[in-house]
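Protein chains in written order, with my numbering: chain L, 1 to 555; chain R, 1001 to 1158; chain P, 2001 to 2334.
If you are wondering where the hints come from, they were derived from the structure by calculation, not from laboratory data. Careful: at least some of the hints might be erroneous.
Covered by chain P, per the in silico footprint, the following chain R stretches (three or more residues, Cβ under 8 Å) [as the list claims (entries may be wrong)]:
{"no.": "1", "region": "1058–1068"}
{"no.": "2", "region": "1081–1093"}
Under 7 Å between C-beta atoms, here's a sample of chain L residues computed to sit facing chain R [to be verified]:
{"no.": "3", "residue": "26"}
{"no.": "4", "residue": "28"}
{"no.": "5", "residue": "32"}
{"no.": "6", "residue": "211"}
{"no.": "7", "residue": "260"}
{"no.": "8", "residue": "314"}
As the structure is a prediction and not an experimental result, all values here were calculated from the model. Built from N, CA and C at the ideal position, the CB exists for glycine as well.
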Amino acid sequence: MRIRKELFADERDDDLRLVGQPVRRQDIEGHVTGRTAFFDDHSVAGLLHLRCVRSTQHHARIRSIDTSAAERTPGVRRILRWADLPKKAHNILTIFDFGIDDEPALADGKVRYKGEPIVAILAESRRAADEAVAKVRVDYEPLPAVFDVEEALKPGAPLVNEYIGRNWFRYWGDYDCQQIRFGDVEAALRSADLVVSGRYQMSPIEHAPLETQGCIVVPAEDGRFTVYTCTQGLFFSLDNTAAQLKIESNRLHFVGGTVGGGFGGKVDTVVEPLAVLAAMLTGRPVRYVFSRAEEMQVSSPRGAERIYIEDGVMRDGRIVARKITHYHDAGAYSRLSTYGTIKSAAHHPGPYTIPNVWVDSWCVFTNRTPSSAMRGFGVTGGDFALESHMDVVARAIGMDPMELRIKNAYRDGDMKAHRKLTQGAALVECVQVAAELARWPLSEEARRDSSRVGGGGERARIPPTPTARTRAPGSTGTGARVEPARLGTGFAASEPRRGTTPLPGWTGGAGFPSSRPEPPRREAERREPPPEPPRPSTGGHGAIRFSSVFGSRRR
Amino acid sequence: MRAVRLELNGVEVAAVAEGGETLLTLLRERLGDTSPKAGCLQGTCGACTVLLDGEPVLACLTLAELADGRRVTTVRGLADGPRLHPLQEAFMDGFAAQCGFCTPGMLVAAKALLDRDPNPTREQVIEAISGNVCRCTGYTPIVDAILEAARRMAGRRG
Amino acid sequence: MAKHRGRGVASVNYPIGMNLGGDPSQALVHATPTGKFVVALSSIDLGQGMKSVTRQLAAETLGVPIEDVFVDTADSDTGPHCMGSFASRGTHRAGNAVIAAAKEAKEVLLEVAAEELEVDPKDLELDGRGKVQVKGAPSRAISVREVAQRAHFKRGRSISGRGMFLVPPSDVDPETGEMNPVTTYAHACMVAEVEVDDETGEVTVLSLKAAYEIGRALNVKLVEQQLVGGAWMGISHALYETAEPYYPDRAHGPTDFNEYLMPGPGDMCPVEIEILERPALDGPYGAKGIGEMCATPPIPAIANAIFDAVGVRMTEMPFTPEKILRALDAKRGR
């Protein structure tokens, strides 16, 4: 690997002492001697092992759960049910006041994907827990399921998630998808020399870290719980666990930071809340670790994305319009897909300056394992589609694919589709260096081009943009008008939160013949905030602003 | 229940194993050597590779009682006191580990190869670690490090 | 029936840090009484080298030898908040926090040294080998160890620093999508060369050649680790991996490493990479993040190379022999 120090040398001081040097890893000696301690390498006496009974159905109502044989299994100490959960449904972004609490940690009377946890067994050994899991009998009433994102959006499709209330996430109060509108795409497509269309489909991909996710929870001498965990976000998981258990965050002490591969799969915080709850209810240390099969099929994969691209292209290679419809298959629950959908919209139309851009990015619910973040979240699927499509475009107009990229590459000072000016661009130079490496012939003009020239001016302009709100088929929107929130005033832009109101038509927990009393809690029961009533808009049309995902908390 | 006596990294140890218990559980939970990792418990990842009388085995698929009276070597047995094995040195110098979870099994598999054949070809190295999954490195640095270790060991012998 | 070669290209950019910002990281740095330094974080090392890169940044900023610094992470009782290791944010966000904390600690260190040497702190520098010296007069010096001892036992000063880095959260305009996703982007362009067997549908990646613009390579070997490992993952995503082989059908999902296919050590091709450094204005010494983007460009580059080789367009991942053979059949009109 070589560093091309001559490029951008004028923007850089190369007078650093340690930065840049191939300093040996701080953790490498532990890795090669086997002394590195991962979460599961903490030796704890008297552990209870937690294993979950999981749904065999894609979508079903649970008529009954018979745990009697499981309870009689030697070594079984406790069975956790939905009724034991302090918070009946949760989403990991609602701690930032974004999104909807839409996922019960144990089935709430329904299962919405194959593999969903229904009850959790605590036993003296992993083997006893597994044996008891096999003895639980669940009586399902199968329901129609939907697996395809475009089918899920059609009127009459089976409703996947009652907490969400429709098969797509509604953004900013009344938008069925995350939109980007920049210029007049329809007019530009009409006037283009050529329109090039494509459909691209990413597959669900498993992170497959060598270390499966899990945690060990130890009740500590100070009344707190020490949690050895492989989470990718220490406080993110701590705060989410506290929120789900309705305890003060300082009752949790998380220890981690040394993780056997993550790739985005250890952000969801699916093991810690159940394990801490189990430790609270039993007073015993608890270990909950996914099996390899669970890691492969039950842990969130990289979501499958489906992307339609329509490009308006001129014969000289200029791309004058790019229209994109991007579907994210969230599976049965939102997890982080609501965020990834916005991120993917922000990533389009790729590193190119295109004067007319339209993006509809959808977060769609289906009856499959909830997807979530993975290495390149919101980007990988888009780049597969965009960069495949660039090749299709190049061939359609008979242009070299590298030349096409340089021609359309963004440059310093260019206006991007999300209306921010480009700075620090370096795509042109990357194409040039890659061409050199691959001995790929470039024209003299392309070889001399630079990200630092040719940008700005007319290219910095925000074009007149007609408003156009996309609706799901059959959707009429809420009619709600949403208060324009300024930065820092808190999040007022997702739809009103539904809290954990029981779903219509059934009283959650149906099918659970008995449940033990809830554990005594030190904290006063916190009332769920009532849904926010829609408030009138005070902003002008087209100028409504909303605070970001992580604005400060609404009180 | 059965008493198992074995030589673990040169030290005589004994523990009581339950019927059907694996060597991996015996090592990790009863003998306190957590260096073999439980990556799959299905014999498909290689992270629990240890040497049984010098031969690489998957500890997750080996019954604990089979180790009775035999020599078991884990990655913790590679170093000679404070002196690391050339394989360990080469992995450190060659940045041949990222998360480190596959590293113990990888090193043990590599040691079995070099014990058998001190001068392996690249293909033989690849073959020797083909049962060990790594999700981080792309394998190239690992293969390079094993070959480098073989070179260094040959240099010391020569 | 034959084997066909083809080349394909992909060029990408990558946003650094969480979309819309608002994702803070903190760091605490302190000296022991004998002049060694501890960096306390709650950032996560997933193998990407979080502990190592932050150690290097702290030692660079403090001006002390790398051996004199260790990073302690992650314990929620001792390490201050970090949003987490994802979104290619660790180096950029936590790195900036560590630099800020190290600067603050260094200020105290220089103040105490200045009192001991009876000079102005502005006239002092660290020599990178454990000494504080007067600029231009290196014989007037005091060891970091002595400074720390005097600070602790004589002057009652805590040589420590706090660092915080936050990209302020951005608004989103729901109608137009106007927003400020991130403050900086990394870039890459990759050329993949493949060989496609039109009888078996098998694709062999012969080489990947790429340029990566990453702001600043803070540790060239850590960079190489990410880019080579990421290239492998990109090949794996392109040709092998799926949790649902017949998506959207849920059947036949793999449950172990025998069924979940990934390339083995014998399937890895040569990867040739050159690094460009256009510093990010707000990056730690200009650095961006590379942990995620490295797995992306191989996918379209390989798809495009397959088309170049045999004229079939792979629009559904992964590009399995079955899909390639079916596409070849369709192309031949079968």
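So, going through the hints one by one against the coordinates:
no. : hint      : result
1   : 1058–1068 : violated (count 0)
2   : 1081–1093 : violated (count 0)
3   : 26        : violated, 11 Å
4   : 28        : holds, 5 Å
5   : 32        : holds, 4 Å
6   : 211       : holds, 5 Å
7   : 260       : holds, 3 Å
8   : 314       : violated, 40 Å
Against the hints set out earlier in the document, violations occur for numbers 1, 2, 3 and 8.
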